[in-house]
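Position chains B, C, D, E, F, G and H relative to chain A; hints supplied.
Chains as they are written, first to last, in this note's numbering: chain A, 6 to 258; chain B, 6 to 258; chain C, 6 to 258; chain D, 6 to 258; chain E, 6 to 258; chain F, 6 to 258; chain G, 6 to 258; chain H, 6 to 258.
One or more hints might be untrue.
[Claimed, not checked] Where chain B lies over chain D, by a calculated footprint (3+ residues, C-beta under 8 Å):
| # | segment |
| --- | --- |
| 1 | 59 to 65 |
| 2 | 184 to 197 |
| 3 | 235 to 244 |
Hints in this document: simulated from the structure, not taken from any laboratory.
From a predicted model like this one, the values you see are computed outputs, not experimental measurements.
Note that CB positions come from ideal geometry on N, CA and C, so glycine has one too.
There are 8 protein chains.
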Amino acid sequence: MNKTTLLELLAQVQSGTLTPTAATERLANLPYEDLGHARIDHHRSLRTGLPEVIYAQNKSPEQTTEIFTRMAASGIDVLATRVDASTALRVTAALPTAIYNQQARTITLRQTSPGDPKGHIAILTAGTSDQPVAEEAAVTAELFNTRVTRLYDVGVAGLHRLLDVRDQLAEADVVIVCAGMEGALPSVVGGLVGVPVIAVPTSVGYGASFDGAAALLGMLNSCSPNVTVVNIDNGFGAAYTAVLIARAASARG
Amino acid sequence: MNKTTLLELLAQVQSGTLTPTAATERLANLPYEDLGHARIDHHRSLRTGLPEVIYAQNKSPEQTTEIFTRMAASGIDVLATRVDASTALRVTAALPTAIYNQQARTITLRQTSPGDPKGHIAILTAGTSDQPVAEEAAVTAELFNTRVTRLYDVGVAGLHRLLDVRDQLAEADVVIVCAGMEGALPSVVGGLVGVPVIAVPTSVGYGASFDGAAALLGMLNSCSPNVTVVNIDNGFGAAYTAVLIARAASARG
Amino acid sequence: MNKTTLLELLAQVQSGTLTPTAATERLANLPYEDLGHARIDHHRSLRTGLPEVIYAQNKSPEQTTEIFTRMAASGIDVLATRVDASTALRVTAALPTAIYNQQARTITLRQTSPGDPKGHIAILTAGTSDQPVAEEAAVTAELFNTRVTRLYDVGVAGLHRLLDVRDQLAEADVVIVCAGMEGALPSVVGGLVGVPVIAVPTSVGYGASFDGAAALLGMLNSCSPNVTVVNIDNGFGAAYTAVLIARAASARG
Amino acid sequence: MNKTTLLELLAQVQSGTLTPTAATERLANLPYEDLGHARIDHHRSLRTGLPEVIYAQNKSPEQTTEIFTRMAASGIDVLATRVDASTALRVTAALPTAIYNQQARTITLRQTSPGDPKGHIAILTAGTSDQPVAEEAAVTAELFNTRVTRLYDVGVAGLHRLLDVRDQLAEADVVIVCAGMEGALPSVVGGLVGVPVIAVPTSVGYGASFDGAAALLGMLNSCSPNVTVVNIDNGFGAAYTAVLIARAASARG
Amino acid sequence: MNKTTLLELLAQVQSGTLTPTAATERLANLPYEDLGHARIDHHRSLRTGLPEVIYAQNKSPEQTTEIFTRMAASGIDVLATRVDASTALRVTAALPTAIYNQQARTITLRQTSPGDPKGHIAILTAGTSDQPVAEEAAVTAELFNTRVTRLYDVGVAGLHRLLDVRDQLAEADVVIVCAGMEGALPSVVGGLVGVPVIAVPTSVGYGASFDGAAALLGMLNSCSPNVTVVNIDNGFGAAYTAVLIARAASARG
Amino acid sequence: MNKTTLLELLAQVQSGTLTPTAATERLANLPYEDLGHARIDHHRSLRTGLPEVIYAQNKSPEQTTEIFTRMAASGIDVLATRVDASTALRVTAALPTAIYNQQARTITLRQTSPGDPKGHIAILTAGTSDQPVAEEAAVTAELFNTRVTRLYDVGVAGLHRLLDVRDQLAEADVVIVCAGMEGALPSVVGGLVGVPVIAVPTSVGYGASFDGAAALLGMLNSCSPNVTVVNIDNGFGAAYTAVLIARAASARG
Amino acid sequence: MNKTTLLELLAQVQSGTLTPTAATERLANLPYEDLGHARIDHHRSLRTGLPEVIYAQNKSPEQTTEIFTRMAASGIDVLATRVDASTALRVTAALPTAIYNQQARTITLRQTSPGDPKGHIAILTAGTSDQPVAEEAAVTAELFNTRVTRLYDVGVAGLHRLLDVRDQLAEADVVIVCAGMEGALPSVVGGLVGVPVIAVPTSVGYGASFDGAAALLGMLNSCSPNVTVVNIDNGFGAAYTAVLIARAASARG
Amino acid sequence: MNKTTLLELLAQVQSGTLTPTAATERLANLPYEDLGHARIDHHRSLRTGLPEVIYAQNKSPEQTTEIFTRMAASGIDVLATRVDASTALRVTAALPTAIYNQQARTITLRQTSPGDPKGHIAILTAGTSDQPVAEEAAVTAELFNTRVTRLYDVGVAGLHRLLDVRDQLAEADVVIVCAGMEGALPSVVGGLVGVPVIAVPTSVGYGASFDGAAALLGMLNSCSPNVTVVNIDNGFGAAYTAVLIARAASARG
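Okay, chain A solo, but in the shape it has when bound (with noise of 0.2 Å):
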């Protein structure tokens, strides 16, 4: 659904010639777009307020193209993720307002004029290595409007890194852990914050951290009530749930 045929059916019932009623139905069932091999689905944006997202990994650089470009038809914003270099190249040279983050791996296209963000999200990382899938969350929670704190490189052997960012952990509305290795910093970030903390295991590590499993596990055992797990790397997942939760918890003020 372009932009033209959304504002054609609400002109429509602005006329009276649609009830509003009408409307939201044809909205919540208008076709996806066919494209072959994907089947986009422009009503989704509509419908949850967030931008359009596109997983690139699997596709190939003309696919995620098409994707991209009829994504970007529609007037919203569009995000795509695990997006290489080659790729890139070919998506920015058909958008040019598009902007390739190389070290997040994302695309991003800002066309709405989001107002003040909502809600504020803590993203941290156990070392310097977690940053890439710390900062695909970030990308992500910022192109949905959120506030984003990054703390990175405060992993458990050093405790007093952590503790030194105790005030800032303590503003955010939910927390976002990258970890490899072990995994550990969940755990006990869970028992320092009173939010939801989203736990995110990162391939991070050699040997017997079986390219991530170790952290997944971890998380998956940890002992602090308040965090649940995305898949290993899953920077994207992570953000997008934390930006439901704290464009609810911002809502409280």
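Relative to chain A, chains B, C, D, E, F, G and H alone:
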């Protein structure tokens, strides 16, 4: 810290013997009660406003009873999870107002007067067999003073059962989904709602379910970005985080 | 066994030199062609009425080309799967009428004149990234002379996409479902149709997908009893069995 | 939906109050019966023409008995699988015509008069110990009105035992193979027949069989392309799909 | 080799009948005592100055009793680990001065007069449930004549509990940390102390703890470089190595 | 096939009624005895000259007894492995000359008069707890008429115990090594001898031994090239192959 | 130890300067050659009568070349396995008579004059792709002076291919079976022959073959008792043990 | 904290401006240096007397160079591990006195004047291929000012090689054993020495070594109680703990 100690402390504040700042400090640093085998953290309850919780599974009946009784002595609400029948007998003998829920395997002791419930959690199961885990979550959420809607046996193989409860789902601030076997339900529910979904894999299944590992992996790989995951059969943990989210959300209206 | 040999044999039957029983015996026991590294089983094709198939993945380009050429010499249809670009170049150079499908990684050589397609297979994918596996299945089924309906990108996180193709699903004699990540789609499809569903886990995903193992486990634990499973990324195997089922079913009308 | 409701509905069709199309619609959307812990889907049986099935393993004896009784009340055939002796006692006390098969761990209740069997399934076991799983499949297929040929203890270490039953194999429309340990039998059978083979890994074995995982992996990696696989010990699921295939095939003649 | 034999041998040395070199040779090569099922290595105790140890888990009560009695006969201290109640009854009946510790599942027999303890080990647990493993370590270290400080229930989710015992930690020559679930405690402790930390994963937990495997993996991936790891629940092994380290360290002052 | 049948057949050969070729044919194709649940292969014993063997673990006591009795009726030696006490009672009641070995969990029935033992097998264990597996191997080898030397409790942590039996090792035609825990013994033994070593991982151990998987992996990765491996606890299989090797070797002298 | 050294030593024995006993002692204890990174064990070759072997996989080309050259200097036969092309180039440059077999990835240097081959090994593959592993075994066995019969591409899905080589199988003293995917071939072969079968799982396959783990597990669980197993792709190890068995057997005639 | 800051602080102590207690406090709490991506903990080095260490594996060359340079600026010794060649080029360009060890993959910068080495570590490898891991340990221990004895290629398949270095082993205060494949060496060494053994599994091996997991499991299950384990290929961690032990032990004399 028992109630008397707390009151004396507050009296000192009232009389000006102690400044509020100093009192806050003391409360935050009050030594836990050391039972030798366990260190009870009384002020966690004061700090978070949530009941005290005992995980009884690997404790002896004597240990559970002693910890439960000490916690109860401070006048707050107490919850024990993973309680077998013989431990339950011993605890309820010591505290006759405590209630044992055999299916949920919980003991609850309500000693405070909560006001109206804050927030609303929908709890779903894929099948009848997932019910004990769902009930652990429900009992927890209710003791934590949150409204719970139970929507059981709505697994994906009979999609109309799920679609029929779509309206009830839409009212919840957060959704808990308990499922064993292939663990597909959270992904489907995640696509239907715009709020966080907490997925609880259950150990229901046989053969290649590997005691819930298949469901766990399925949920971690969910294609719905609003899904986060807790440990297998961890109904309590899911409820704990859900309560935090529901409380935040409930302040919106 | 090349065609000439076959014809001579049949001529002997016609002329009465050989009884039909004896001919059958000889056909069933005709020695395969021994290439040293491979023993080609020519009469399998005669027996089953299905094309010859080469699994090229662990073979050298030379080996694949030699086997393909020998099989082609007997005049029947030939299929090679898991063919990389350099092997494809070599085979198509030797046999210019053979067709390489880069996405499906197949080479097909049609040498017979099949009649009308027998039976009808619906092939579904959960996402765009599952398409190569689905195409391997589709190319196989079409060479085996079965009608194929492609229904791609209908994953469970956007349920309306699947429900929209429900009518098309209902017409199939058998359904192949290709899905990575959590592998939930076969269970949902299994609940919607009354025919066998063959589930193909794909290696699409990351982290705890463990290269398709998560999807595989999910499918094996499906709560829909009409779901059976093949190896990860095994589009060919799914199509082979689906063809057998579709042929049986097609005789019903 | 009980029989009365169904008859009233059909009466309305007869009298012209309801068109056949509308009736079909209502049948397909009739609400299931909600028991609190389970939602019985009565019209599945009407839609598929197959009996209702209860998976009893993770249900309490009370739950199984209640669901079985409700299903039986609608006048159709009912099957319960994974039934232990104490649950069986309770169900058969309530429904004296129900039959408990101790080896297969099934309860069957035949209430309809099926005509001649449709289709033909051969069920093989590698060893004596695989028999309970094979019997679960056989009981299921027979209640679903399909002809069953049992060919037990024909494992690959004594190949002549298998070759001796080759003629019986050749008559089947579909073959179910139950095997534990190395799970090699389905591959060998797959090479001998031209129909679909459904492989059921069993938990028979010790040590590195890892409760059937070795057999499962072996079957998933079968070099015979007509083999698909179900979960470990899932005799019921194998039979369910086999019945669908056999019915289709039986219409050929 | 019992004490008498040893003294006779030493007497021969004193009297010149045997050279010191020859005596050393004989001591080093003295045949162990062959019980048929076990070969007791008496001179290990002489060589290392540490008690004899029996791992009782996979032995029959008769075997354990026989080995324990033979070892005791040589006059040295004896330890048996993993002793169940019925075996304990039999051993203590034979040797009334032997002591059974039910929680630690050890039997100890003190027959020598050790001097002052050498070295100092701190033993920590994350939770109450890890205590049996910690006690196995403590009993071992104490029989081996090392000072033990028990610091139990100081898991990372309540960091203040751990920080409160920091002074006691600082006095130890080596630290043993027993933790199940996510196994995060050794990393945090490793960052707080400047001595070796021996991590003991415990089988405490459920679901994705996989009987201690999650804790084990976490500890192996510790970001603190002074952490080494022993097998799940191996309190004895941790204590054995800790004793060796503590003895070395105790000589410093 | 019992002995009488065999003799009659041979009589026919002698009298010229049957040619040797035809007799061979009949022997090779004699139908096994079909008990419904099991197909006994009587002529395997005739062909290999080895006793009949029953794996009793997953069979009912009735099944084991029936198969054992039928086998015994043909006059040959019979072995049953993995026999529990109650099954043993039933079998030995039916066949009073059969002997139950409780530690090895075997029943043996000697009905032939073997000549001198052929070949020589050394059987080693790393510890006392590996003895049941070693005894299963020893009982098997002895019934199969091979000389056995038992060398128990010679694990690698006390190397002198192993070096002391080096001379006995050197006399064997083949060595079986049973070890649990880290499974290191076969590698060390493999370096000491010039004959094949068959490694049997045992399920002795705890925690990260994962029921023998650690020992199994260790043995498969042995750096000694004369080591081959059988399944965990498979003393029988090790002995079976060892007997074949020892017989071949014994013919050398 | 080179040949000259050996002859000098033997000359001393002949002349009476050295007793045979003393010479034996010196031979058994001759220091290996210490290259810093490797300790070459020259007298192993003398003791076993088998060539020296280098496992090149984790060694640098320089290391492999140095070790190979030193071994060659002692005048015996030398074998290197897992040799990549660049290492081969370097070794054969240094030793022009050494032969590189690219498929088997071996370098062989024949410097002795072996007599007639001793014993007979049949080497089977399930498919064409297993050939490199089989060739590693064949090259090894042939250098070790054993007769080899290659029987390739006889997998179980086309049973007639295997049955056709039954006569050739029957002549072997020992059989090596190389198979990937489901690894079923050793069980079937084990049932056809009366000699030891050494199973080599290969890493041929995809998806749930897990790089050969599925085949490995299948072979370990073989229902044929004459099957033992080596590591995945370990053609060399299989041949080494097979040679020992074949030599013993060859002395029978 | 650079040296100047430190000296100024100490000057204040000398002049009486700052008490020793206050200075200690400030040293222990000095803020680390925050580089955005990393928080350098300068006073750890002061506190422990050990060099600063950078784990370079998951860091960009730029990050590693920046952190290394900052650490070097404080005048202490610096070590970087897991450094690839391109990173090494960049670091040594910035700091020409830093030394890159290609085999160990370390960069070391010696800026202090250590006195005599404290303590003595023996480092063993099972084979030539384990050398890189052993060298990482050796380089670490030497920079940390400990005496190192390298004993390489002494694997258990050739026991005499190990027994020959027994005297050198006996002199060490602690032993590090690096081994891949079956990982048996630590158990054997553990039985030969009376000091702690730190086992380092290496990723050397193939097939069922699963990249070092087999060796890791073997070592965790060691029957020698003086063995503790670190992560696969973690030479640095082994050396770090070994240094702590050796220092303690060295003070004994």
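Hints and how they fare:
1. 59 to 65: Holds, because 3 residues of the segment 59 to 65 of chain D bring their Cβ atoms closer than 8 Å to Cβ atoms of chain B.
2. 184 to 197: As far as the segment 184 to 197 of chain D goes, the hint is violated, because 0 residues have Cβ atoms under 8 Å from chain B.
3. 235 to 244: holds (count 4)
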